[in-house]
Each structure stands twice: as C-alpha cells, then as structure tokens.
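Q: Residues per chain are reported as follows:
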Amino acid sequence: MDQTQPEPHRDPDAGPAVRFDNVGMRYGRGPEVLSDISFELARGSFQFLTGPSGAGKTSLLRLIYLAERPSRGLISLFGSDTSALARDDLPVLRRRIGVVFQDFRLLTHLSVFDNVALPLRVAGQRVSQYREDIVELLNWVGLGERIDALPPTLSGGEQQRAAIARAVVSRPEILIADEPTGNVDPEMARRLLRLFAELNRLGTTVLIASHDIALIRSMKVPVLELAGGRLTTRTRAA
Amino acid sequence: MSQTRRPAPLLPPEAGRDLPLLTVCAILVFLACLAVIGAAGTWRASDAWTGQLASEITLQIIPGADGDGEAAAQEAGQLASGLPGVISVEIRSRAASEALLRPWLGRASLPDDFPLPRLVTLNVDPDDPPLVAAIETLFDDAAYRVIVDDNQLWAAALARASITVRWFAIGLALLVCGAAAAVIAFAARASLSMRRDVADALHLVGAPDRFITGLFQERFFMLGLKAGIAGALLALLAAFALAELGGTAGAIFFLPSLLPGWGAILILPAAAFLSGLVAALSARLAITTALATGWT
Chain A
1 MDQTQPEPHR DPDAGPAVRF DNVGMRYGRG PEVLSDISFE LARGSFQFLT GPSGAGKTSL
61 LRLIYLAERP SRGLISLFGS DTSALARDDL PVLRRRIGVV FQDFRLLTHL SVFDNVALPL
121 RVAGQRVSQY REDIVELLNW VGLGERIDAL PPTLSGGEQQ RAAIARAVVS RPEILIADEP
181 TGNVDPEMAR RLLRLFAELN RLGTTVLIAS HDIALIRSMK VPVLELAGGR LTTRTRAA
Chain B
239 MSQTRRPAPL LPPEAGRDLP LLTVCAILVF LACLAVIGAA GTWRASDAWT GQLASEITLQ
299 IIPGADGDGE AAAQEAGQLA SGLPGVISVE IRSRAASEAL LRPWLGRASL PDDFPLPRLV
359 TLNVDPDDPP LVAAIETLFD DAAYRVIVDD NQLWAAALAR ASITVRWFAI GLALLVCGAA
419 AAVIAFAARA SLSMRRDVAD ALHLVGAPDR FITGLFQERF FMLGLKAGIA GALLALLAAF
479 ALAELGGTAG AIFFLPSLLP GWGAILILPA AAFLSGLVAA LSARLAITTA LATGWT
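If you read the sequences in order, they're chains A and B.
First residue of the first sequence? That's 1 in this note's numbering, and the numbers climb one at a time after it.
First residue of the second sequence? That's 239 in this note's numbering, and the numbers climb one at a time after it.
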C-alpha cells in the first residue's frame, strides 16, 4: 500500500470547497438520517468519511453532490449557499464535482469509452478532443482492453474502475467516492488511491467514504466519522 | 480503438418499443390527412360549382298545351340575348332535357307530345349579371311560361356548405393533432420513466435539463417524421383509390370529383414536418415538466 501522504494543494485566500453548518436531513417524513452535521472540506484537502452501515455516509455524499437538499442547516459549495441556488445553476456546480457511486451507475447501453466520456460530452467537447485522454485514463485503470465492452459484460471491479474513470476524467474540483475500492483487489486499490492522490496533488478536493480501515490508515489523512447520523469524530488517521 | 469513433446515442435504441407508438401516430396522421384532402377536394369542387353558377342563368321554357317547345326555346333565347349582361345564349335540345330526367325515368323514350320543359342557358357576365326580374319581364306576354332559375341562391347555399365542410375538416384535423400530441406526451413521459437511469446519470455529470430534453425531443421528432411520411402516403393512396375506384368521378354526375390534384403531393412533406414538429414539441413539454417536478 502506498504510504505517501498526499501534499494537498491549498489556496489560503479561498473559502472551503464544502461547508456544512448544522445540517439535518430526512427522507420524506421519516426520521432524520443526518443531524447537526458541521464540517468543512478545505480546497485541495484529502479526507476519508467512515462509519458503520446506515450511519448516513451515502446521504451525506448525496448532499454534497446536490442529489438531495438538506431539511435544515446550511451547505456551501465553493463559497455559494446551495439553498439559494436556482435549478438552472445546478449543472454548472455539478460539473465541478466528480462522483464515484457505490452502485457505479454506468449506462448499460454505452461502451466503457462512452460511459467515461459522458461528462466531457455533456460539457460540449468533441470526440477528437477527448479520445486520447480517455484511452490513456482507461489504460491507467487497467481497462485498456475493455474499452468497447458494455458494462453488463464487465466484472464488479471493472465496473468500479470505469465509474472512477468517469468521475475523474474532467478533473473535477471535488471528487467524492463512495466505497471506491470495495470491489477491487488490494493491488488495484493501491493503484486507484494513487490516482486519487495524484488528482489531489493537482488541486482536487477528495472525500472518500470507506469501511476499509487499512486503506484509511495507509493514507494518513483526516477522517470524518459518522455514527447514527451524527459526526462523532474528526481525526487524523494514525 | 477506431480513430473514427462516433459517440453512441445517449438514449438506447428502442425500435421494438417504438413500433406501436409509430403505428398509432401514423394512423392519426392518416386520418388528419384524409380530412384535409377531403376538405381540399370539397373546396375545389365548390369553387368550380359556384364559379359556374355565377356565370350562368338557366331558363326553363314550358310550352303551352299545343305549343311548339323548339320554337318557344328559340324565341326565348333570341329575346334574352338582347339583355345587357348576357354574353351568349345556348339553347339546349330536347335530348338534353330528357338526359336530365334519365336517372329518374330510365332510358325509356318519352312521347313526343309530352310537355317537356326546354332549357336555355344564358352565359352572363358574373360581375354584372342581368336582374332576374328584368328577365321575367321580358316574357310577360309570351305564349309559353318561363321559369328563371336564380342560381345565386344555389351559389350562396353551396358557398355556406363549403365553408362549413372546410371548418369541420380543419376542426377534425386539429382534433387529431391534439390526440397525437397527447399520445406523444404520454409516451415521452413513459420513455423518461423507463430511462430514468440515463436522466439521472446525465444530471449528475452536469447536464442541464435542456440537454436531456433535447435527447427526447430529437427522438420523438424522428418518430413523428416517420409517422407523418407513412400516414400521409397512405392517405394519398387511399384518396386516389377512393376517387378512382369507388368515388364520385362520373358515377353521380352532380357530385364533384374529390380526386386529389397533383398539389396534394405537397401534403407529404407538410404532414411529415408538422407531425415531427407536433411530436417534438409535445415531447419537449412533457419532459421539461417531468424533469422540473421529478428531479432535484
């Protein structure tokens, strides 16, 4: 496992990439799944989010990538209060955030290449502009031979790597990953972490939700720990 | 990897699922086109009729008990030709009068002494026709009776009927367009529900609503275009077949021929474009509404 701690890119004049102030969230009329969450992700920081199943990790990530709105409290992204955002403002913010979903969310009728190209295509780029970059990225994540394969024909690990490639291809300012190494072998997990660390060196704020204590310890970065919908500790891994 | 890679369609092809919808839309376009072709035929025939009625006045000459019909018709024609506004006079033969009665009396010859009215057609200036009263005054002292057919009454009634038929057809076509739009809107919503994964994934990589709407709009425009071409083509074929095989051309002499003219070919591109436009707009409206209410 790579023991090198990433060197975070920091801009002292800039506000945090993500800021939560007393955020609470519930689905419909159900109980609160997140309560009184307050934290900041400084620009260029690298942090883990951990906690037992059902602690609210995925819900917290959904709030960051604007798939849900908080029931109460304030969330700021890049210094903007998200509650004040109009619907038309969401796409611009979302393009600054890359997300690796736990269930991958690859489009089954598109090849690996087209799935990974999705953020660039939506941003209006042409194939000729991104073809080489995607091929290079897919080689890096070990999918160079599976470039034309459809997701249903990929193994769980391959799908996960394709999902990671899609999340990082546009070099987002924030990268959020929900259990990104859950389906890959240790060697590939280290390789993927190196990719995240490299992105972080280039300025991307990284937040990874994971159960993998060994993985978390290997990175020596701050850890946010959720339990019962509350942020219990914020520590630097030993 | 191929250097000429083309981006795959973001919405998966659903040819199998599109077929029933395509069929329904083609049928609706077919009905709308038939309504339009029928209205156009009625309009054309009505124009021809009213034009003819406005430039003709018919005199029915009914000879006295022992009178000579031929002589009466000749005299009436000569008298009428002197009236201002009369361009020419055409004296119809007894055979022409008998032909008019043939649908009711059959081919049996009428007795020579049968008091068959004779017809005299006055070709008049449609802008300045002679007054009916003036024509009637001409024959006050005649030994035979003259009935002047005031075609203006027919022309006005025909024009009113033509306008009614035209508006009815336009209403029918609009109704069918509305039905097509509703069907497309329903199908577009169903399509969005079915491809929620695509819409979600696109939203989360930063696609604005208009990008997603555009995908569905393009798909439904193409569907509408195909349905328009198929429906219009079938309607044209049906109209020609109806007019030629079981239609009115020559079968019943006083009904107009509804055989579509060559101009009716224009209905093909027009229907295809309009059908595509209606499909695209209704899909756009449905998807825009669904996205605005259903997604974050």
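No lab work stands behind these hints, which were simulated from the structure alone.
All of these numbers come straight from a predicted model, not from anything done at the bench.
Do not take every clue at face value.
[To be verified] Simulated restraints on C-beta separations:
1) A:32 with B:523: 36 to 44 Å
2) A:129 with B:250: 22 to 30 Å
3) A:52 with B:245: 56 to 64 Å
Quick reminder that beta carbons are idealized off the backbone N, C-alpha and C, glycines included.
Q: Now tell me if each hint is right for this structure.
A: Okay, the hints, checked on the actual structure:
1. About 37 Å separates the C-beta atoms of residue 32 (chain A) and residue 523 (chain B), a value consistent with the hinted range of 36 to 44 Å.
2. For residue 129 (chain A) paired with residue 250 (chain B), a C-beta distance near 25 Å keeps the hint of 22 to 30 Å intact.
3. The beta-carbon spacing between residue 52 (chain A) and residue 245 (chain B), approximately 42 Å, falls outside the hinted interval of 56 to 64 Å.
In terms of the numbered hints stated before, the structure departs from hint 3 and from no other.
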